[in-house]
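Here our numbering is used: position 437 in the sequence shown is 674, and no number is missing along the way.
Treat the hints as calculated values from the structure; they're not laboratory data.
In this text, all values refer to a predicted model and were calculated from it rather than measured experimentally.
No residue lacks a Cβ here, since even glycine has one placed at the ideal position from N, Cα and C.
Any given hint could turn out to be false.
[Claimed, not checked] Here are the computed lysine-lysine pairs in the DSSO-like style, where the Cα-Cα straight-line distance is at most 30 Å:
(1) K431 - K856
(2) K345 - K248
(3) K305 - K328
(4) K660 - K416
(5) K507 - K345
(6) K434 - K543
(7) K543 - K507
(8) K457 - K416
[Said to hold, decoys possible] The following label-pair restraints were derived from C-beta to C-beta distances:
(9) G775 - P690: 56 to 64 Å
(10) G520 - D802: 39 to 47 Å
(11) V464 - S306: 19 to 27 Å
(12) A764 - V245: 40 to 48 Å
(13) G461 - G596: 47 to 55 Å
(14) V687 - H415: 48 to 56 Å
(15) V630 - G797: 47 to 55 Å
(16) V686 - G530: 39 to 47 Å
(17) I859 - F547: 55 to 63 Å
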Amino acid sequence: MTFDLGSVELKWQRRWRESDVFRVDLDSERVKYYVLEMFPYPSGAGLHMGHAFNYTIGDIYARFMRMKSFNVLYPMGYDSFGLPAENAAIKAGTHPKVYTDSAIANFKVQQRALGLSYDWSRVISTCEPDYYRWNQYFFLRFFESGLVFRKAASVNWCSECATVLANEQVHDGRCWRHKGREVEQRNLEQWFIKTTKYAQELLDCVDGLDWPERIKLMQKNWIGRSVGVTLRFDVVDESGCVVDEIETFTTRADTVYGITYLVLAAEHPKVLEYVEGTEMEAGVREFVEGVRGQSTIERTAEGREKSGMFLGRYFINPFTGERCPIWVADYALYEYGTGAVMAVPAHDQRDFEFARKYGLPLRVVIVPEGGRSDTDTLEAAYAGDGVMVDSGVFNGLGNQDAKEAIADLAEERGWGRRTVNFKLRDWLVSRQRYWGTPIPMVHCPSCGVVPVPVEELPVLLPEDVSFGEGNPLETNPDFVNTTCPSCGGGARRETDTMDTFFDSSWYFLRYCDSQNSAEPFAPEKTAYWMPVDQYIGGAEHATMHLIYARFFTKALRDLGYLNFDEPFTRLFNQGMIHGEDGFVMSKSRGNIIDPKAIFERYGIDATRFFLVSLAAPNKDMIWS
Numbered sequence: 238m239t240f241d242l243g244s245v246e247l248k249w250q251r252r253w254r255e256s257d258v259f260r261v262d263l264d265s266e267r268v269k270y271y272v273l274e275m276f277p278y279p280s281g282a283g284l285h286m287g288h289a290f291n292y293t294i295g296d297i298y299a300r301f302m303r304m305k306s307f308n309v310l311y312p313m314g315y316d317s318f319g320l321p322a323e324n325a326a327i328k329a330g331t332h333p334k335v336y337t338d339s340a341i342a343n344f345k346v347q348q349r350a351l352g353l354s355y356d357w358s359r360v361i362s363t364c365e366p367d368y369y370r371w372n373q374y375f376f377l378r379f380f381e382s383g384l385v386f387r388k389a390a391s392v393n394w395c396s397e398c399a400t401v402l403a404n405e406q407v408h409d410g411r412c413w414r415h416k417g418r419e420v421e422q423r424n425l426e427q428w429f430i431k432t433t434k435y436a437q438e439l440l441d442c443v444d445g446l447d448w449p450e451r452i453k454l455m456q457k458n459w460i461g462r463s464v465g466v467t468l469r470f471d472v473v474d475e476s477g478c479v480v481d482e483i484e485t486f487t488t489r490a491d492t493v494y495g496i497t498y499l500v501l502a503a504e505h506p507k508v509l510e511y512v513e514g515t516e517m518e519a520g521v522r523e524f525v526e527g528v529r530g531q532s533t534i535e536r537t538a539e540g541r542e543k544s545g546m547f548l549g550r551y552f553i554n555p556f557t558g559e560r561c562p563i564w565v566a567d568y569a570l571y572e573y574g575t576g577a578v579m580a581v582p583a584h585d586q587r588d589f590e591f592a593r594k595y596g597l598p599l600r601v602v603i604v605p606e607g608g609r610s611d612t613d614t615l616e617a618a619y620a621g622d623g624v625m626v627d628s629g630v631f632n633g634l635g636n637q638d639a640k641e642a643i644a645d646l647a648e649e650r651g652w653g654r655r656t657v658n659f660k661l662r663d664w665l666v667s668r669q670r671y672w673g674t675p676i677p678m679v680h681c682p683s684c685g686v687v688p689v690p691v692e693e694l695p696v697l698l699p700e701d702v703s704f705g706e707g708n709p710l711e712t713n714p715d716f717v718n719t720t721c722p723s724c725g726g727g728a729r730r731e732t733d734t735m736d737t738f739f740d741s742s743w744y745f746l747r748y749c750d751s752q753n754s755a756e757p758f759a760p761e762k763t764a765y766w767m768p769v770d771q772y773i774g775g776a777e778h779a780t781m782h783l784i785y786a787r788f789f790t791k792a793l794r795d796l797g798y799l800n801f802d803e804p805f806t807r808l809f810n811q812g813m814i815h816g817e818d819g820f821v822m823s824k825s826r827g828n829i830i831d832p833k834a835i836f837e838r839y840g841i842d843a844t845r846f847f848l849v850s851l852a853a854p855n856k857d858m859i860w861s
């Protein structure tokens with residue numbers, strides 16, 4: 238007689254479902270424990286073994302904590318907005334909502350079959366109005382508090398996505414979704430969130446997290462705190478008249494006596510201003526356009542020949558009184574510091590290569606003990622420590638001591654100020670695509686940019702749009718044309734949608750009170766359930782989702798919505814399951830293994846046991 242394992246497993250799954258055994262609520266007599274996996278994007282391909290592995294880890298832990306008498310919250314939802322669904326729907330000739338709803342239904346069937354002990358009463362889907370209305374609500378609250386602003390900026394543009402990307406979505410100069418597509422730079426008016434306001438706190442709190450050390454290090458490096466001096470230089474024309482001033486940030490104040498020129502990034506607004514109406518204008522414009530079409534990785538690649546043009550302006554180095562030229566150069570990046578770089582070719586290799594190419598002077602101001610300051614025989618920049626030379630009153634000092642003394646002098650004379658700078662940039666949240674949360678703002682010719690009143694939320698995403706060139710929302714005149722909430726006159730809706738990382742920056746809070754239609758969550762429920770005790774997900778989210786979620790939590794705390802500082806107490810990065818070809822399982826590679834086929838052959842529990850016994854759960858493994 239054959240034992241029908243499948244029917245036994247289905248029997249108990251049915252019992253769990255009928256009795257709603259995994260549903261939980263507040264219980265003041267029990268200690269809570271919140272287990273959460275990063276919620277999935279519902280691909281039309283459905284679950285593969287990598288998903289099954291991830292969810293099995295979470296389910297095992299949730300069941301274990303229940304056995305220890307904790308009141309366990311273990312929910313599931315779907316990160317259902319985004320460009321992949323939009324593109325897949327266009328390719329399939331259907332609407333993104335139809336495509337997404339079908340994918341979610343398939344995911345639910347597969348997840349239930351896997352025997353996962355979710356509280357299904359709390360399911361969320363970010364593409365539903367009852368979720369994204371709260372995206373819009375928080376956007377307006379951030380706008381009121383000064384955290385949301387709009388400005389013209391040089392932005393990252395992926396031609397394949399046909400939208401802008403946040404800095405965190407650019408990896409080695411390429412789109413995070415399309416690894417072979419180099420990112421371009423374009424000037425556009427965009428919406429930003431002031432994540433930089435929390436840069437220091439985000440950095441300070443990292444060490445207190447029970448997270449993998451490599452993730453904490455990645456966050457520290459991404460935030461990138463550096464202490465230095467912002468210096469102010471007078472800009473003069475050919476006749477020596479002061480016509481402007483410009484600031485640069487440096488961590489090497491000890492080298493200021495070695496400055497021989499200054500370079501501006503191609504995106505710096507002063508570049509075209511300085512050459513406007515001169516014989517240099519056409520050439521500089523052509524150069525700037527060429528540079529702006531290059532990726533960051535191209536512009537900063539080690540060993541790459543550097544290029545630039547003189548701008549017909551000079552600056553006065555207040556430390557030496559010398560007049561030095563101002564250039565535009567491809568190796569200067571606008572997003573770092575002030576977009577202007579004081580060039581010290583004897584002590585910076587990039588500056589050295591540029592100076593040698595264009596015949597610009599070098600001045601050695603730091604030499605190793607017993608070293609010489611002969612620039613004629615210098616074969617590379619010297620970036621090490623040493624003794625100050627050719628640096629006025631600072632001659633003979635060690636350069637580290639001189640660094641502080643020169644900063645003191647700059648502040649005393651009004652030439653500069655000590656500054657803390659961060660690599661972290663404000664979060665660019667505008668997207669020129671359809672399948673996302675509409676930004677709840679209106680553009681009025683009389684009143685300017687006006688927020689949509691909270692009582693009019695949600696601003697619904699229209700279904701009738703055309704996909705092709707440009708922003709799909711602009712093809713629906715009924716959506717675009719509206720009235721100004723302030724003056725009642727004719728106005729236009731904002732047609733950009735939000736970066737979908739906005740959706741995932743607070744979804745863990747919505748699980749605490751997912752059916753609440755009056756507010757995003759009741760304070761007493763987040764006070765009970767949050768923070769997440771055990772978060773499970775991939776290391777690839779270290780500098781995107783995990784940064785944004787931490788920022789969001791701190792911002793909502795300061796607005797009075799939360800009473801804690803960090804969203805995730807513990808973080809576990811599961812390993813990745815690779816196909817037999819050695820690559821991570823993905824639809825695009827065609828190496829997906831459908832868990833259903835394995836369940837039907839071996840049973841659900843056997844499959845789950847096999848998954849977690851292949852290797853340590855934080856290690857990658859090859860499915861065979």
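Here's how the hints hold up against the structure:
In summary, the hint linking K431 to K856 is not supported, as the alpha carbons are separated by about 36 Å, beyond the 30 Å threshold. In summary, the hint linking K345 to K248 is supported, as the alpha carbons are separated by about 18 Å, within the 30 Å threshold. For the hint pairing K305 with K328, the CA-to-CA distance comes to about 49 Å; that exceeds 30 Å, so the pair is violated. A hinted pair counts as satisfied when its Cα atoms are at most 30 Å apart, and K660 with K416 qualifies at roughly 23 Å.
With a CA separation close to 55 Å, the supplied pair K507 and K345 exceeds the 30 Å bound. Proximity of K434 to K543 is assessed by CA-CA distance (about 34 Å); at most 30 Å being required, the pair is judged violated. Note on K543 and K507: the hinted pairing holds, with a Cα-Cα distance of about 20 Å set against a maximum of 30 Å. Of the supplied pair hints, the one linking K457 and K416 holds, its CA atoms being roughly 24 Å apart against a limit of 30 Å.
Checked against the given bound of 56 to 64 Å, the beta carbons of G775 and P690, roughly 39 Å apart, lie outside it. Restraint check, G520 to D802: a C-beta distance of roughly 53 Å breaks the suggested window 39 to 47 Å. In this structure, V464 and S306 break the distance hint of 19 to 27 Å, their C-beta atoms being roughly 49 Å apart. Checked against the given bound of 40 to 48 Å, the beta carbons of A764 and V245, roughly 41 Å apart, stay inside it.
Between G461 and G596 the beta carbons are some 34 Å apart, a value that contradicts the proposed interval 47 to 55 Å. V687 and H415 have their C-beta atoms about 36 Å apart, which leaves the hinted 48 to 56 Å range violated. Separated by about 53 Å at the C-beta atoms, V630 and G797 satisfy the suggested range of 47 to 55 Å. For V686 and G530, the Cβ-Cβ distance of about 30 Å falls outside the hinted range of 39 to 47 Å, so the restraint is violated.
For the pair I859 and F547, the supplied restraint of 55 to 63 Å holds, since their beta-carbon distance comes to about 57 Å.
Hint compliance for this structure: hints 1, 3, 5, 6, 9, 10, 11, 13, 14 and 16 are broken, all remaining hints hold.
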